[in-house]
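Hey, can you work out the whole structure from these sequences and the hints?
Just add 93 to the spot in the sequence shown (first one is 1) and you have my numbering.
In short, the hints are calculated from the structure, not lab data. Take every hint as true, because none was put in to throw you off.
DSSO-like mimics (lysine-lysine), calculated; alpha carbons at most 30 Å apart, straight line: (1) Lys321 with Lys127; (2) Lys139 with Lys285; (3) Lys333 with Lys127; (4) Lys237 with Lys307; (5) Lys265 with Lys298; (6) Lys321 with Lys298.
All of these numbers come straight from a predicted model, not from anything done at the bench.
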Amino acid sequence: MKVWNIICLISIVLCAMIIFPSHALSANKFDRYKHYMEDIPMPQIKETENILGPAGEIFKFTTCNRGDLGFSLAYGTIPPGAGPLPHVHHYTNEWFWTPEGGIQLLESTNKYPDLNFPPTPDQAGNGVLYSLDSEPNQIFYGPKYHIHGFINKTTETHPLLFIWMRDESSPKYPLNDGGIREYFQEVGIPIKDLNNLPPITEKAKRDFVMSASKYGINQSAFFEEYIKDLSDDIPIKLIKLYNEEDLIRIIDAVNAYNQGDKSVSCF
94 MKVWNIICLI SIVLCAMIIF PSHALSANKF DRYKHYMEDI PMPQIKETEN ILGPAGEIFK
154 FTTCNRGDLG FSLAYGTIPP GAGPLPHVHH YTNEWFWTPE GGIQLLESTN KYPDLNFPPT
214 PDQAGNGVLY SLDSEPNQIF YGPKYHIHGF INKTTETHPL LFIWMRDESS PKYPLNDGGI
274 REYFQEVGIP IKDLNNLPPI TEKAKRDFVM SASKYGINQS AFFEEYIKDL SDDIPIKLIK
334 LYNEEDLIRI IDAVNAYNQG DKSVSCF
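Pasting the structure below:
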């Protein structure tokens with residue numbers, strides 16, 4: 094009877110391997126490394142700074158400081174087709190939170206640590222971008238030195254929360270956030286009325302690329318400038334990227350500010 098049971102068990106396993114191929118089994122392993130959060134708190138300030146990005150994003154900016162921790166958050170509204178061309182941050186580390194999903198996130202495994210040698214064919218060399226179609230409440234981490242970007246490929250507008258944390262390698266910027274908000278203040282278009290958006294000018298698009306290096310960013314001027322290939326076969330090591338420790342520090346600082354803690358300033 095025991096031998097017969099073992100034979101039956103082996104038969105079941107073999108059948109499963111035939112019916113459910115290895116890529117389906119590996120997908121379950123892949124899913125376990127994804128990260129989700131039901132909610133991320135925003136600082137309760139009187140008024141956000143609203144900026145229209147040259148890539149079509151509508152940003153509502155807030156910046157916070159607590160000791161050596163400096164970061165900016167922007168609650169973004171991403172219309173269909175909007176999203177920046179591939180770029181590399183050198184002074185900030187970034188998280189994306191997709192409350193509804195619907196955003197295609199892009200990132201490289203290769204690192205480009207020298208601001209003076211961007212990932213062009215004649216300098217640091219092009220990279221492969223891996224794409225991930227985000228799910229509701231998913232968190233995706235984009236550390237410094239990686240090529241990354243995103244696009245709304247759907248026909249509907251979707252929200253996207255950006256979190257940029259100043260890296261310790263960053264020079265001093267007035268807002269202590271690694272220069273990211275200052276960058277968008279310079280190249281973006283101020284929004285006075287969210288129901289009546291200003292046009293995106295050709296000057297803003299040029300400045301988006303030309304002014305980026307002042308704020309520790311390599312910004313491509315066209316999609317293929319930094320990219321030699323695009324793949325949806327995203328490596329698990331990109332999904333595993335998270336940096337939970339610093340994300341918790343940021344969330345704790347926001348919660349402390351909202352509870353009246355004077356050690357945190359948000360504006």
